[in-house]
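Make a model of the complete structure from these sequences and hints.
Residue numbers (numbering that gives the first Met the number 0), protein chains in the order written: chain A, 0 to 421; chain B, 0 to 151.
In case anyone wonders, no lab produced these hints; they're calculated from the structure. Note that beta-carbon positions come from the ideal geometry of N, C-alpha and C, so glycine has one too. Take the hints with a grain of salt, since some may be wrong.
Below, in silico cross-link-like pairs of lysine to any residue (SDA-like), each with a Cα-Cα straight-line distance of 20 Å or less [stated by the list, open to error]:
#: 1; chain 1: A; residue 1: K182; chain 2: B; residue 2: H66
#: 2; chain 1: B; residue 1: K51; chain 2: B; residue 2: E41
#: 3; chain 1: A; residue 1: K182; chain 2: B; residue 2: L93
Covered, in the sense of this in silico footprint (three residues per stretch, anywhere, with C-beta under 8 Å from a C-beta of chain B), are these stretches of chain A [what the hints assert, rightly or not]:
#: 4; stretch: 50–61
#: 5; stretch: 172–183
#: 6; stretch: 208–220
#: 7; stretch: 236–244
#: 8; stretch: 268–275
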Amino acid sequence: MEKVLLKNIENPNSHRIDEYINTGGYRSLQKALKEMKPEEILEEVKKSGLRGRGGAGFPTGMKWDFASRDPKFPKYLLCNADEGEPGTFKDRPILERNPHLLIEGMVISAYTLKTERGYIYLRGEYPYAKVVLEEAIKEAYEKGYLGDNILGTGFSFHLSVHQGAGAYICGEETALIESIEGKRGQPRIKPPFPVNVGAWGMPTVVNNVETLANIPYIVEISGEEYSKIGSPDCPGPKLYSVSCCVKQPGVYELPMGTSLKEIIYTHAGGIRDDRPLKAVIPGGISTPVLTPDKIECPMDFINLPKYGSMLGSGAVMVFDDRVCMVKVCWRAVKFFEHESCGKCTPCREGTGWMKNILERIESGRGRKGDIELLQDVSKSIQGKTFCPLGDGAAGVVLSFVRNFTEEFEYHIENHKCMVAES
Amino acid sequence: MVELEKEIKEIVERYPDRRAALLPSLYVAQKHYGWLSQDAYEAVAETLNLPKATVKGVATFYAMYKHKPMGRHLIQLCTNVACMVMGAERLIDLLKDRYGIEPGGTTEDGRFSLVIMECIGACDRAPAMLVNTDFHHSLNENNIFEILENYK
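Now the structure itself:
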C-alpha cells in the first residue's frame with residue numbers, strides 16, 4: 000500500500016512547505032476550496048467511512064454533520080495532538096515530519112465546517128513538534144494557505160498551537176476544551192456534546208491528528224475509493240505504534256484491519272531474542288490485555304471488541320515470557336492513579352486503592368482475597384465516571400487478573416515473582 | 000516584567016477570551032522566573048486580570064509547571080510500561096548512585112533536577128528522556144552518562 004500519512008517522511012526536508020508542495024501537497028486544498036462546496040466535502044467524508052483515530056472510533060462525517068447543523072457562530076476546530084496514551088507515538092511522525100499534511104487537513108476541515116479559527120492542542124512533552132509546527136504554520140501563512148482570503152476564495156482560517164502541560168486527561172475532548180479555556184483539565188458531562196456546546200460555549204469539532212491527516216487523501220481520491228481500503232466497516236490507512244519486546248519497534252502505516260499477528264511478526268520482526276509471546280496490549284495502555292491465542296484478530300474498531308479488547312490508539316505493546324504481568328498491571332494502574340483528574344470519586348479513590356493492592360502483591364506482600372478485592376474495586380469504578388479514564392483502568396485490571404490469574408496467585412502465595420524465578 | 004507582560008498580551012490576541020491565555024502565560028512566567036514563584040503567579044494574575052487563586056489552582060493541576068526552584072538542567076525520565084520493560088528503573092538507581100539525586104529532587108550543586116515522566120511518546124526507542132527540551136532515547140547504563148556529561 001502506498002503511504003498516505005507517512006508519505007515522504009524519510010526525506011530530511013519533509014517538514015518544509017516547498018518539499019511538501021513538490022510531492023503533491025496542498026493540491027487537495029486547491030481542489031476543495033476552488034472546486035467543491037462544503038456540503039460536497041462533507042458528503043465525501045461521510046462516504047469514506049472514516050472513523051476518528053483518537054481511540055473512540057466515532058464516524059468523522061457524522062461528527063462534522065452535527066456541528067454543521069448547529070446554526071451558532073463562530074465555530075471552532077480543535078486538533079487533538081495531546082498524544083498521551085502510553086504506548087502511543089503514532090501522531091508524532093505526522094507532527095514532526097509531515098506537519099503540512101495536518102495543516103492541509105485542518106484547512107479543508109475548517110472550510111467544510113465553516114470555521115475560521117482552529118487550535119492544535121499539543122502535548123507539553125513534544126517540545127520539538129512545537130517548533131516544527133509553528134514553523135510550518137508560519138510557512139503556510141506566507142504561502143497563503145492560512146490566514147485571510149485563502150487562495151483568493153474569500154475563506155479565512157487562522158491556526159495556532161496551544162501547548163498542554165502534562166495532563167493525560169486533556170486527551171479527553173471535553174477536558175481538552177476546559178484546558179484550552181484556561182481551566183483545570185477536568186471532563187464535562189455529556190450531553191451537551193462539543194459539536195453543540197464546546198469551546199467558549201460554541202459548536203466545536205475535536206479531531207485527532209491522524210483523523211485530520213486523512214482528509215486531504217479523501218478529497219484527492221474520493222470517499223468511495225477511500226472506503227475500499229482495509230476493513231469494510233472502518234476503512235482507511237491506519238498507523239500502528241509497536242513497542243516493547245519486538246525486534247523492530249516503530250510506527251507502521253498499514254490498511255486498517257491488518258491482523259495483530261502480521262503486525263507483530265511480519266512488520267515488527269517478531270519477538271526479540273525469538274522468545275515466546277506472552278501477552279499483547281493492542282490499543283494503548285487503557286485497552287484490555289490479550290493472550291497469544293488472540294493474535295489472529297484484525298486490528299480495527301469492529302473486530303477487537305469481539306476478541307475482548309479495543310483498538311484504542313492502535314498502540315501495540317508486546318510482552319515476552321520474561322515480563323511479569325503483575326508488574327505491568329501495577330505500573331499501568333500507577334499511571335491511572337497519577338492521571339485521574341479527581342473529579343469523580345470512584346475513579347479518584349478506586350485507582351488509588353487498586354494501585355496500593357497491586358503494589359503489595361507485586362512486592363510479595365499480597366494477601367489472600369486481594370484478587371477478589373481488585374475485581375470488586377474495578378467493578379465499583381466501571382460505569383460510574385464522567386469520562387473513560389476510570390472505565391479504562393478498571394477494564395485493564397480485570398483483563399490482567401482474568402488472563403493471568405495464575406501469576407497473581409503465585410505472587411500472593413509465594414511472596415515472589417514467577418517470572419524472576421525461571 | 001515589561002517583557003513578560005508584552006509576551007502575555009501577544010498570546011491573549013490568539014484567543015476569543017483572556018483566560019484562555021492562562022496555560023501559555025504560565026509557561027512564559029516559568030521561563031522568566033525559572034519556576035512558578037509567588038511573584039510569577041502574581042505577574043500572570045495581574046496581566047490577565049484573574050484572581051491569584053484561579054491562576055494557582057490551574058497551575059497546580061498540570062505536571063509540567065514547576066512549583067519549586069529547579070536545577071540548571073531538568074532530566075525528565077520516562078518510567079511508564081514500555082520504558083519500564085526496557086530497563087528505565089535501573090537508570091533511576093544509577094542516577095541516584097552517580098549524582099545522589101532522587102525523583103523529584105535536585106543535586107546539591109544545582110546542576111540537575113530529576114522528574115519522572117508518564118510516557119513521552121518514544122516507546123519504540125525506550126527507555127527515553129527529555130533533558131530540558133532535548134530528546135534522548137535508547138538509553139542504557141553507559142550512554143545515559145555520556146549524554147548527561149554534556150549538560151554542565
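ask   = Against the structure shown, which of the earlier numbered hints fail to hold, in ascending order?
value = 3, 4, 6 and 8
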